[in-house]
Structure formats: C-alpha cells, structure tokens
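Enquirer: First to last, the protein sequences are chains A and B. Counting in my numbering, the first sequence runs from 37 upward without gaps. Counting in my numbering, the second sequence runs from 37 upward without gaps.
The hints are simulated quantities; they were obtained by calculation from the structure and are not laboratory data. If you're wondering where the values come from, they're calculated on a predicted model, not measured in any experiment. From the three backbone atoms N, C-alpha and C, an ideal C-beta is built for every residue, glycine too. Warning: the hint list may mix true and false statements.
Derived coverage of chain B by chain A (criterion: at least 3 residues anywhere in the stretch with Cβ under 8 Å from a Cβ of chain A; other residues may be distant) [what the hints assert, rightly or not]:
(1) 66 to 72
(2) 93 to 103
Computed, partial: chain B to chain A, Cβ under 7 Å [what the hints assert, rightly or not]:
(3) 57
(4) 86
(5) 87
(6) 89
(7) 90
(8) 113
(9) 139
Protein chains: 2
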Amino acid sequence: ALTLAPSDVLVCPLRPVERFRDLCPEEVADLFRTAQRVGNVVEKHFCGTSLTFSIQDGPEAGQTVKHVHVHVLPRRAGDFSRNDDVYEELQRHDKDDSPDKWRTEEEMAAEAEILKKYFQEN
Amino acid sequence: ALTLAPSDVLVCPLRPVERFRDLCPEEVADLFRTAQRVGNVVEKHFCGTSLTFSIQDGPEAGQTVKHVHVHVLPRRAGDFSRNDDVYEELQRHDKDDSPDKWRTEEEMAAEAEILKKYFQEN
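Take these sequences, add in the hints, and give me the full structure.
Expert: Rendered as structure tokens:
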C-alpha cells in the first residue's frame with residue numbers, strides 16, 4: 037500500500053524500529069546489502085537504467101508508517117517529467133492510501149514469485 | 037557545491053565508484069553505518085526532528101557527479117512547504133551549481149571543526 041508503483045520495492049529491517057538510528061550496526065549493514073541486491077534485481081526486471089534509494093526517516097521527512105523502510109525504485113529517462121516528481125508521488129501515494137487501492141494477496145504473491153527467481157539465480 | 041543547504045551533508049565511500057551496485061558488501065556496510073552516525077550528529081546540531089536519506093543512483097535518478105553519495109539532510113516541521121520540495125531543491129541546486137556559489141575553504145573548514153566535536157564525544 038505504501039509503494040509508489042509496482043516497481044517500487046520497500047526494504048525493511050526485520051526488527052520493527054521507528055527510526056534509522058534505532059538500528060544496530062549489523063542491522064544497518066544487512067538492510068543496505070539487501071537493498072543493494074533488491075536494487076539490482078528491480079533495475080533489471082523493470083528495464084531501468086538508474087535507481088532511487090530513499091528513507092523518509094521520521095514524520096518531518098514524510099514517514100507515515102513507523103517502521104524504517106528503504107524505498108528502492110528503478111528509474112529511466114522520462115519516467116517523471118521532473119526527476120523529483122517521484123518523491124511527490126511517494127508522498128501523495130502515502131496520503132491517498134486506502135484499502136480499495138491495495139493489490140490483492142494473489143497479485144502480490146504472483147509478483148513475489150516472479151522477482152524471487154532473480155534471487156535464486158545468484 | 038552539491039549540498040542543498042549548510043545542513044545537507046554528503047557521505048561518500050572512499051573508493052570513487054559511480055553506482056551503488058559497484059560497492060562491495062563491506063563498503064555498503066561502512067557507508068551506511070557512517071551515514072547513520074552523521075545523521076545523528078546533523079539532526080542534533082541543526083535541531084532537526086527527522087532525517088531524509090537519499091541516493092540519486094545514476095543519471096536517470098538525478099545523479100550529476102559520478103561518485104556514489106548519500107544525502108543526509110536534517111528535517112523539521114515547515115522546512116519545506118511540501119515535504120518533497122526538498123528533492124526539487126536538491127535537483128535544482130545541482131543544476132545551478134557554479135563556483136561562485138561555493139563556500140570558501142575557510143567556511144567549510146570552520147564547519148568541519150564544529151561538526152567534528154560531535155564525533156569526538158563518542
């Protein structure tokens with residue numbers, strides 16, 4: 037529900053902390069090594085040529101769910117009329133969130149199956 | 037020259053790679069453990085209440101300098117009329133970059149001295 041588009045993947049630490057500073061160094065390492073791998077997969081899968089990584093760390097940075105998460109979004113030329121509209125979309129999408137806009141369990145499971153294959157190849 | 041404001045700090049890996057995927061896992065861990073520490077310092081020093089972390093990873097994500105860097109920006113209520121104007125400012129600031137807008141070596145050295153104290157306290 038918090039993703040910008042089917043290609044926006046959220047990477048979260050297992051432990052549900054609110055702020056990035058609450059993670060121990062090992063968790064920080066694990067989080068971003070995972071984000072790096074996920075970035076490689078989604079950039080390839082969605083035919084991107086770049087990636088946007090961002091953490092909205094805290095309410096005044098736009099965080100709406102109190103669990104640290106890294107947005108990993110593949111990018112390509114012309115995907116947003118202005119590069120930073122991507123962040124506006126992030127914010128608006130969070131604000132407009134409602135259950136009727138959520139993908140179904142089946143849709144998400146199917147997507148996970150597709151993406152999972154990339155990780156198994158490694 | 038690439039920072040948004042005096043409070044925007046860039047954290048870079050020592051090895052000057054172009055894309056986040058080019059970093060080895062140890063470098064990824066080191067980069068974000070550092071970004072975490074820097075975030076704690078600048079949030080406190082600039083009296084922020086949240087942080088924005090972002091990597092513009094590649095040209096289509098707005099990267100203008102081909103050396104991976106993490107933007108760490110302290111945030112507080114009302115700092116940008118819309119949360120995501122911060123990213124627009126990031127992009128515009130990069131585009132408008134010219135030497136006459138750069139701070140002097142003396143200014144940057146003075147700032148580094150102030151911030152350094154926080155790290156020595158740990």
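Enquirer: Now tell me if each hint is right for this structure.
Expert: Here is how each hint holds up against the structure:
Coverage of the segment 66 to 72 of chain B by chain A holds in this model, with 4 residues showing a Cβ closer than 8 Å to a Cβ of that chain against a need of three. For the segment 93 to 103 of chain B, the proposed coverage by chain A is satisfied: 7 residues have a C-beta within less than 8 Å of a C-beta in that chain, meeting the threshold of three. Satisfaction of the interface hint for residue 57/B is found here, the shortest Cβ-Cβ separation to chain A being roughly 5 Å, below the 7 Å cut-off. With a cut of 7 Å, the hint placing residue 86/B at the interface with chain A holds, because the nearest CB-to-CB distance is about 3 Å.
Evaluation of the residue 87/B hint against chain A yields a held restraint, the C-beta minimum of about 4 Å falling below 7 Å. Because the closest C-beta pair between residue 89/B and chain A is about 4 Å apart, less than 7 Å, the hint holds. With 7 Å as the threshold, the beta carbon of residue 90/B comes within range of chain A, its nearest partner Cβ sitting at about 4 Å, so the hint holds. Against a cut-off of 7 Å between C-beta atoms, the interface hint on residue 113/B holds, since the closest Cβ of chain A lies about 5 Å away.
The restraint placing residue 139/B at the interface with chain A is violated, with a minimum CB-CB distance near 24 Å, outside the 7 Å limit.
Checked against the numbered hints above, the structure breaks only hint 9 and satisfies the rest.
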